[in-house]
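Enquirer: Next come the chains, spelled out residue by residue.
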Amino acid sequence: ETGVTQSPTHLIKTRGQQVTLRCSSQSGHNTVSWYQQALGQGPQFIFQYYREEENGRGNFPPRFSGLQFPNYSSELNVNALELDDSALYLCASSWGGDLTGELFFGEGSRLTVL
Amino acid sequence: QKEVEQDPGPLSVPEGAIVSLNCTYSNSAFQYFMWYRQYSRKGPELLMYTYSSGNKEDGRFTAQVDKSSKYISLFIRDSQPSDSATYLCAMSEYGATNKLIFGTGTLLAVQP
Numbered sequence: 045e046t047g048v049t050q051s052p053t054h055l056i057k058t059r060g061q062q063v064t065l066r067c068s069s070q071s072g073h074n075t076v077s078w079y080q081q082a083l084g085q086g087p088q089f090i091f092q093y094y095r096e097e098e099n100g101r102g103n104f105p106p107r108f109s110g111l112q113f114p115n116y117s118s119e120l121n122v123n124a125l126e127l128d129d130s131a132l133y134l135c136a137s138s139w140g141g142d143l144t145g146e147l148f149f150g151e152g153s154r155l156t157v158l
Numbered sequence: 008q009k010e011v012e013q014d015p016g017p018l019s020v021p022e023g024a025i026v027s028l029n030c031t032y033s034n035s036a037f038q039y040f041m042w043y044r045q046y047s048r049k050g051p052e053l054l055m056y057t058y059s060s061g062n063k064e065d066g067r068f069t070a071q072v073d074k075s076s077k078y079i080s081l082f083i084r085d086s087q088p089s090d091s092a093t094y095l096c097a098m099s100e101y102g103a104t105n106k107l108i109f110g111t112g113t114l115l116a117v118q119p
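Line order of the protein sequences matches chains A and B. Numbering follows this note's numbering, with no gaps: position 81 of the first sequence is 125. Numbering follows this note's numbering, with no gaps: position 29 of the second sequence is 36.
The following block holds chain B by itself, in its conformation from the complex (with noise of 0.2 Å):
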């Protein structure tokens, strides 16, 4: 078993849907968990971050951390073609820069 798991999609949705996406992980050492964004060839980048349980918003993005049932969610509202990307949830007990481990990837298609 994996420490932390994604579901791979793809996933397409239509301009404007709201979208959520998962991961669920084993290791309850894990404190910080972080959501990354990858655009085809590129590197990725940070999204969102948020330190142990809690919900976290910005723009329109929401990032969710339920602890007791290892489980981490991004909300994406009013999606739009721009957001289509590989979504990678990444998680760590050491920091938020140090030895992450990071789910598979869930590829997001928003189809204008």
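The following block holds chain A by itself, in its conformation from the complex (with noise of 0.2 Å):
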């Protein structure tokens, strides 16, 4: 069974510049979450994708878009990049139809900005 994996680990880009940001969904996992985790801080809900559709959003402005994949791959598109946005993106997938299953987490890709 593959885990969660994300692309790249590290990343540095400039204040203003565009990023894409990859996951690969576990085996058997049809949901995906994002979420951001700022150094010391807990990880910030983006939002989640099921089946193709977002299901849900967090607090963060537009810049922040995704895309799930029919394969259930996922893709984290940032904007406008701000000097704020530095921080370790963390994608988790799960089994959708399950309210009490388990986030699975990747082991993140850190985003420097400069």
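Hints should not be assumed to be uniformly reliable.
Heads up, simulated BS3-like pairs for lysine-lysine below, C-alpha to C-alpha not over 30 Å straight-line [as the list claims (entries may be wrong)]:
1. B/Lys9 to B/Lys63
2. A/Lys57 to B/Lys49
3. B/Lys106 to B/Lys77
4. A/Lys57 to B/Lys106
5. B/Lys49 to B/Lys63
6. B/Lys106 to B/Lys74
It is worth saying that the hints were derived from the structure and are not from the lab.
Combine both chains into one complex, guided by the hints.
Expert: Okay, structure coming up:
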């Protein structure tokens, strides 16, 4: 069974640029969630995708957008990067039909905005 | 005021000690309560899940939820150096896998 994998693991961008982060779900999972974890903070919910549709969004501006593909992999796109976007971006997959299920997190993509 | 408050620590204890970690929250709609463990440079992993109020035990770990006080706890018995990590409480009104609100995390160091 393959776990959640994310790419790239590290990247550096400059303010105003755009970034795309990628995530492959754990086998058998149809739901992907994205979280932002700033240094010394807990993860903050960005959004969730279930069967290619957005299924909930946290308090993030529209420049944070996402996609889920038919194979349930996912992308997080951030436009017009700001210095405060520097963080660890975590992807988590789950089985959407189970309210009591478990989120399986990847190791994250660490984004630095200069 | 944050929806979920957690003492960031750090907390340092000797091997074999009992560790108590706590979170308070303000949203009475939360029904799903979780504890995650995060090792350095890794993603969080689920330790314990509790629905509504009550206690749950799993090996050396016990989770307690007191909804009347809006307070949750995680107890670790016979702590080991391998327990050294950041412990994150998380809660949600939508399910254990959707729109989780996390605390800031408590950094725990268990000294051999």
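Enquirer: Now, for every hint given, state plainly whether the structure supports it.
Expert: Here's how the hints hold up against the structure:
Between B/Lys9 and B/Lys63 the alpha-carbon distance is near 26 Å, which keeps this suggested pair within the 30 Å criterion. The straight-line distance between the Cα atoms of A/Lys57 and B/Lys49 is roughly 22 Å, inside the 30 Å bound, and the hint therefore holds. With a C-alpha separation of about 18 Å, the suggested pairing of B/Lys106 with B/Lys77 holds against the 30 Å cut-off. For the given pair, A/Lys57 sits about 28 Å from B/Lys106 by alpha-carbon distance, which is consistent with the 30 Å threshold.
As the CA atoms of B/Lys49 and B/Lys63 are separated by approximately 26 Å, the hinted pair is consistent with the 30 Å bound. Of the supplied pair hints, the one linking B/Lys106 and B/Lys74 holds, its CA atoms being roughly 19 Å apart against a limit of 30 Å.
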